[in-house]
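> Sequences are here, hints too, so could you generate the full structure?
As you go down the protein sequences, you meet chains Z and D in turn. Okay, so the first sequence: first residue is 1 according to UniProt numbering, each after it adds one. Okay, so the second sequence: first residue is 1 according to UniProt numbering, each after it adds one.
It cannot be assumed that every hint is accurate.
Intra- or inter-copy, both count: the list cannot distinguish identical chains.
Claimed, not checked - No more than 20 Å apart at the CA atoms, straight line, and that leaves these computed lysine to any residue pairs for SDA-like:
id, residue 1, residue 2
1, 32, 159
2, 32, 156
3, 32, 70
4, 135, 154
5, 82, 160
6, 135, 117
7, 140, 12
8, 140, 3
9, 129, 7
10, 58, 92
11, 28, 17
12, 108, 45
13, 129, 59
14, 111, 13
15, 28, 127
16, 28, 71
17, 28, 115
18, 32, 69
19, 67, 33
20, 32, 46
21, 129, 163
22, 129, 9
For the record, the hints were derived by calculation from the structure and aren't laboratory data.
2 protein chains.
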Amino acid sequence: MSHNEEISVQEAILFTHKMAQLSKALWKTIEKDWQSWIKPFDLNINEHHILWIAYHLKGASVSEISKFGVMHVSTAFNFSKKLEARNLLTFSKRENDKRNTYIEITPKGEKLLLETMQAYKPENNSIYKGVQPLKELYGKFPDFLELIALIRQVYGPEYLDILNRSMRSIESEYKEPAMEDHSNESDWN
Amino acid sequence: MSHNEEISVQEAILFTHKMAQLSKALWKTIEKDWQSWIKPFDLNINEHHILWIAYHLKGASVSEISKFGVMHVSTAFNFSKKLEARNLLTFSKRENDKRNTYIEITPKGEKLLLETMQAYKPENNSIYKGVQPLKELYGKFPDFLELIALIRQVYGPEYLDILNRSMRSIESEYKEPAMEDHSNESDWN
Chain Z
1 MSHNEEISVQ EAILFTHKMA QLSKALWKTI EKDWQSWIKP FDLNINEHHI LWIAYHLKGA
61 SVSEISKFGV MHVSTAFNFS KKLEARNLLT FSKRENDKRN TYIEITPKGE KLLLETMQAY
121 KPENNSIYKG VQPLKELYGK FPDFLELIAL IRQVYGPEYL DILNRSMRSI ESEYKEPAME
181 DHSNESDWN
Chain D
1 MSHNEEISVQ EAILFTHKMA QLSKALWKTI EKDWQSWIKP FDLNINEHHI LWIAYHLKGA
61 SVSEISKFGV MHVSTAFNFS KKLEARNLLT FSKRENDKRN TYIEITPKGE KLLLETMQAY
121 KPENNSIYKG VQPLKELYGK FPDFLELIAL IRQVYGPEYL DILNRSMRSI ESEYKEPAME
181 DHSNESDWN
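Here it is, written out as C-alpha cells:
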C-alpha cells in the first residue's frame, strides 16, 4: 500500500468512526425518548412508525413502509399483521396494482395514533431540549443540511420526498398556518 | 392550549420527526456496514466496539465503555465477559480506584482488532461513499457541526472528549503525519 493510500484509509476510518459514534448516540437517544412516549399505548416503535406512515402517506405498500420506516420488509410485514389483528389497520390490494399489498389505517388506528400525538410533550424530548441553544442562536431550528445531503446520497431522493410528504401532512393537521419556516412546504397556500 | 402553544408543539413534532427519520436512516446504514465489515472475525458490533474502546482508551472502566459505546451497563458488562472468556480482554481493579472494574485488551485482543482494521475497505462503506460529493465540494470531509453541537448538549462534553481521544489514538497508529484537517488534534506536534 502506498503512503497516500494509507492516508486515505486512515481518513476513511477516522471519518466513519466519528460518524458511527455521533449517529449511534443520536439514534439511541431518539429511540429511548420514542419508547417512553408511546409506552402507555401498548405499541412498540416499529408499530407506531407503521401507523404513522400509513396515516400520513394515506395508505402505503409494505415496501414503502419498509423503505421509509428503515426496517426490513419482513419486519414491516410482521408488525403490520399484528396491527391488523388489533384492527388498527387493514391490508388490501389496489385496483391498479394487484401485485403489491397496501396498508390502510382504520378509524380505530387513527384514533390511537392521534391519542399518541396528543400525549407528545416536547419537554420530555432530549433532542428538542438539546437543540434549544442552537435554535436561540440561529433564530430557528438548525437545518442539518450536511446530514440531509448525506442521507440523499445513501438513500436516494425518494426517501427525502416521502419525509417532506409526511411533514406536510403533519402541518396540515393544524388548522392555522404554522411558522414561516415551513410556509413554502405547506398545503394551505 | 393557546394557539402559540399549539404551534410550538407542532414545531417540536415536525423537528423531532425529521430528526428521527434522518437519524434512524443514518444509524441503520452504519450498523449494517459495520456488521458486514466484522462478520469474518466472529464478533458482533458491541464486542468490536468494546475492544475498540479498550484499545484506544488504553483500558477503560465498564461505565466508560457503557457511556462511550452508547450501550447499557449490563450490555457492556455481559459482552466484556464474553470477550474475557475468549482471552481478548482482562478485568482488573486499579490501585487508585478499587471500586470500578477496568477492562484491558490482551495481546490476543489487540491482534484481532488490528486484523479487523486491516480488513477495513473504505469502498465498502456506504457513508464514506455517500459523503464523497460533499467532500469534493468542500475540499474536505463535512464537519457536521450542528450534529456535534446537538450531541454535546445531549451527552455532555465528556462524550466528545472521549471521541477526540480515540481519534487521536487512531491517528497515532500511523507513523507519518496525517492530513492537515486533523493536525491540530494530533499527538505528533
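> Evaluate each hint against the coordinates.
Do the hints match the structure? See the list:
no.	hint	verdict
1	32 - 159	between (23 Å within a copy, 18 Å between copies)
2	32 - 156	between (27 Å within a copy, 17 Å between copies)
3	32 - 70	both (17 Å within a copy, 12 Å between copies)
4	135 - 154	between (27 Å within a copy, 14 Å between copies)
5	82 - 160	neither (28 Å within a copy, 41 Å between copies)
6	135 - 117	neither (23 Å within a copy, 39 Å between copies)
7	140 - 12	between (33 Å within a copy, 12 Å between copies)
8	140 - 3	between (45 Å within a copy, 19 Å between copies)
9	129 - 7	between (39 Å within a copy, 16 Å between copies)
10	58 - 92	within (13 Å within a copy, 57 Å between copies)
11	28 - 17	both (16 Å within a copy, 15 Å between copies)
12	108 - 45	within (18 Å within a copy, 39 Å between copies)
13	129 - 59	neither (32 Å within a copy, 33 Å between copies)
14	111 - 13	between (47 Å within a copy, 18 Å between copies)
15	28 - 127	both (11 Å within a copy, 19 Å between copies)
16	28 - 71	both (16 Å within a copy, 9 Å between copies)
17	28 - 115	neither (24 Å within a copy, 28 Å between copies)
18	32 - 69	both (17 Å within a copy, 15 Å between copies)
19	67 - 33	between (22 Å within a copy, 17 Å between copies)
20	32 - 46	both (13 Å within a copy, 18 Å between copies)
21	129 - 163	neither (22 Å within a copy, 22 Å between copies)
22	129 - 9	between (37 Å within a copy, 13 Å between copies)
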